[in-house]
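Protein chains: 2
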Amino acid sequence: MGMGAPVQSLELGGSDGGAFEEYLDDCRQRVLDEIRAILPDTRRPGGRLYELMLDYPLRGGKALRPALAIATCRALGGHLEAVLRTAAVLELYHNAFLIHDDVEDGSELRRSEQTLHRLHGVPIAVNVGDGMLAASMAPLLENIELVGLGRALRILQVVARMARESAEGQMIELDWVRSADWTPIDRAYLRMIYKKTAWYTFLAPVCAGAIAAGAGAATERTLVRFATPLGIAFQIQDDVLNLSAGPERYGKELLGDLWEGKHTLILIEAVRSASDAERTRAREALAKPRAAKTAEDVAFLSGLIERARAVDYALAVARRHSERAARSFARLARELAPSPHRDFLAGLVAYVVERDR
Amino acid sequence: MGMGAPVQSLELGGSDGGAFEEYLDDCRQRVLDEIRAILPDTRRPGGRLYELMLDYPLRGGKALRPALAIATCRALGGHLEAVLRTAAVLELYHNAFLIHDDVEDGSELRRSEQTLHRLHGVPIAVNVGDGMLAASMAPLLENIELVGLGRALRILQVVARMARESAEGQMIELDWVRSADWTPIDRAYLRMIYKKTAWYTFLAPVCAGAIAAGAGAATERTLVRFATPLGIAFQIQDDVLNLSAGPERYGKELLGDLWEGKHTLILIEAVRSASDAERTRAREALAKPRAAKTAEDVAFLSGLIERARAVDYALAVARRHSERAARSFARLARELAPSPHRDFLAGLVAYVVERDR
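Heads up: the sequence lines are chains A and B, in that order. So that you can map any letter, position 149 of the first sequence is 154 in the numbering used here, and since no number is skipped, the others follow by simple counting. So that you can map any letter, position 339 of the second sequence is 344 in the numbering used here, and since no number is skipped, the others follow by simple counting.
Only chain A is shown next, with the shape it has when bound in the complex (with noise of 0.2 Å):
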């Protein structure tokens, strides 16, 4: 099934193989095209803003988001209606998010292309993000007529306190990089991720489709613990991924992390298991600018990194939150009759341990 049906499939689903890579892309079109009727016409003055709205998201992203947001509510037998405008505001956020992140980690490619900020300048990208964020509250709004009063003034609820985590989170971990402060425990680097990815990528998405769908509070409650280690899980392989995939799949510089002296649980155990001396070296190396950098750094760090088999132990730290997200899944798949939207949450656990890009 090609580009050329989405409706169909996401209508009436279809279980056969490469069905989840099916699933994501349905999503994708249905969601540009509610992205597309949303935002205001780019023919109006500062129209120009639309357009540039519409460039990372057209670059060919998984559109995750939208698509666990659609499955969620679709799996709880919801409409297709009631979730597609909040699927489409979470990844017009989303993208949002990316190019602030691009313009913030100074990062140079995005989905293999330059990032908008190399484009455009760094004013008309910071510019482009607050735009997004500020078209995205009227469709808010008018999804009450979509959902009802009550159900959109709860998906309201859900994004702003997604906007207000994915912020804090974004602050610890600024803070760290900016202090150079090389101290985080697992503890203080999984809440960052909890606030920073977590929260926007999983749990905002399952509890806006829920909320759509009209569940109830319990049913909630067990989607929060299947999103939550799931999104830990994702940020962690998303980590792995930025040392040891090929850009031309990752669509991201490779080693970036290191460059920009990113705290990741790998180098957190990598800076731990070193001796003073070598610890002492790293820090140095961490803490200089990332223009002030030099190879001999990174393969430092990364030579350390292999030594302490620092990627081996975040990956089984990834593993045991994907595990504990397996475990409330099968909890929740009970209350569900069996679809493909079922299907594809199933099989986003797989998804986010295995994924290479």
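Worth double-checking, as some hints may not be accurate.
[To be verified] What follows is a set of in silico ranges between Cβ atoms, one per label pair, in the way DEER data are often shown: (1) B:E311 - A:E118: 44 to 50 Å; (2) A:S117 - B:E301: 42 to 48 Å; (3) B:K293 - A:E118: 26 to 32 Å; (4) A:A321 - B:E86: 53 to 59 Å; (5) A:E147 - B:R336: 40 to 46 Å; (6) A:A335 - B:L154: 38 to 44 Å; (7) A:A338 - B:E118: 55 to 61 Å; (8) B:L124 - A:E328: 43 to 49 Å; (9) A:S117 - B:G308: 38 to 44 Å; (10) B:K67 - A:E150: 35 to 41 Å; (11) B:R277 - A:S117: 40 to 46 Å; (12) A:Q119 - B:G308: 38 to 44 Å; (13) A:P294 - B:G52: 22 to 28 Å.
[What the hints assert, rightly or not] Here are some chain B residues pointing at chain A (derived, C-beta under 10 Å): (14) V108; (15) E109; (16) L146; (17) I149; (18) G153; (19) L154; (20) A165; (21) V182.
Since the hints were derived computationally from the structure, they do not count as laboratory data. We treat Cβ as the ideally placed atom computed from N, Cα and C, and that holds for glycine.
Starting from the known structure of chain A, fit chain B onto it as the hints suggest.
Below, chain B alone, put in the same frame as chain A:
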């Protein structure tokens, strides 16, 4: 009456001399207290975000926008409680825009101190601005308890439009700067500042204040006819102050607009009045990135402005708009009982064109 009795003046009023500045000061104190009350606890993980959010507001801005919302609501017979939270959110938005604007413009000073990105780096500054937009959502939802569902939703719609108009206006301006396009005519400039400045500084506060007070659509329309020309006069006056105010009053870099190559009515008129050769030289100077501009370039532009009497030209346009605002206010004032809030609104017209900071 000093800082010690802010409640009294807002509740009971007082129309002695200096009442306009006192009204602003009193609103400012109430709004700062409200901002502290609605922001999450600074002691939570990532809570440094909320400390940094308070930096700009505490630097002693005018808090014009919340005062305008409060005065509009109170002049129309509404209660302070109905508008205070919304007023605090408008001030948060304003300061978030300032933080991102300072990043986008590469500005060095804000309210006579270093800009946030100079103090903490661009990454943290971008994220603090994002966090402020995020932190504004929950209080606007909680507004339902204060003003009821219908009014709370209409205020949310006003804030959504405000955020969108601001981003569109900013996009128009950044595109002009980036492309070094000096063809804009007065009408395009006026439309740009309507979006970039007038909407969030004047239209959103009066609309939100009117909604909080439960005013009818006709009153809101008159308020818009008052706020729109006033917002335009305000931005033109700001452009004039950038060229002529003492920096200790203005709190920003003097001649910053020339260094940044910003499009103001003054420069548009100066470039338009220049000879062909001068126009070519002016465009070359304006197209240079800030760091490449020389003091000679800026002196050349200043000379063109002086010879064209472009400041007088801009002031005449501002005056026409403020007179239009005064006529709209006269119509509005007939509906309003005498009160310090009505006096504040009446005083705004003179303030906008006479202010020196």
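Hint check:
Between E311 (chain B) and E118 (chain A) the beta carbon distance is about 47 Å. The supplied range of 44 to 50 Å therefore holds. For the hinted restraint 42 to 48 Å between S117 (chain A) and E301 (chain B), the CB-CB distance of approximately 44 Å keeps it satisfied. For the hinted restraint 26 to 32 Å between K293 (chain B) and E118 (chain A), the CB-CB distance of approximately 28 Å keeps it satisfied. In this structure the hint that A321 (chain A) and E86 (chain B) lie 53 to 59 Å apart at CB holds, the actual value being about 54 Å.
For the hinted restraint 40 to 46 Å between E147 (chain A) and R336 (chain B), the CB-CB distance of approximately 34 Å leaves it violated. Between A335 (chain A) and L154 (chain B) the CB atoms are about 40 Å apart, so this pair conforms to the stated range of 38 to 44 Å. In this structure, A338 (chain A) and E118 (chain B) meet the distance hint of 55 to 61 Å, their C-beta atoms being roughly 57 Å apart. Against the hinted window of 43 to 49 Å, the Cβ-Cβ separation of L124 (chain B) and E328 (chain A) comes to about 44 Å, which satisfies the hint.
Look at S117 (chain A) against G308 (chain B): about 49 Å separates their beta carbons, and that is not inside 38 to 44 Å. Here the CB-CB span from K67 (chain B) to E150 (chain A) is close to 39 Å, well matched to the stated 35 to 41 Å. The hint said 40 to 46 Å for the Cβ distance between R277 (chain B) and S117 (chain A), and at roughly 45 Å that hint holds. Distance hint check: the CB atoms of Q119 (chain A) and G308 (chain B) are about 40 Å apart, consistent with the given range 38 to 44 Å.
Between P294 (chain A) and G52 (chain B) the beta carbons are some 26 Å apart, a value that agrees with the proposed interval 22 to 28 Å. Against a cut-off of 10 Å between C-beta atoms, the interface hint on V108 (chain B) holds, since the closest Cβ of chain A lies about 6 Å away. This hint holds: E109 (chain B) has a C-beta 4 Å from the nearest C-beta of chain A, less than the 10 Å allowed. Proximity of L146 (chain B) to chain A holds as hinted, the smallest CB-CB distance being about 6 Å (cut-off 10 Å).
The interface hint given for I149 (chain B) holds, since its Cβ lies 8 Å from the closest Cβ of chain A, which is under the 10 Å cut-off. Taken as an interface hint, G153 (chain B) does not check out: its beta carbon lies about 13 Å from the nearest beta carbon of chain A, beyond 10 Å. Because the beta carbon of L154 (chain B) sits about 7 Å from the nearest beta carbon in chain A, less than 10 Å, this interface hint is met. A hinted interface residue such as A165 (chain B) counts as satisfied when its beta carbon comes closer than 10 Å to some beta carbon of chain A; here the least separation is about 4 Å, so the hint holds.
For V182 (chain B), the interface hint holds, the least distance from its beta-carbon to any beta-carbon of chain A being 8 Å, beneath 10 Å.
Hint compliance for this structure: hints 5, 9 and 18 are not met, and every other hint is.
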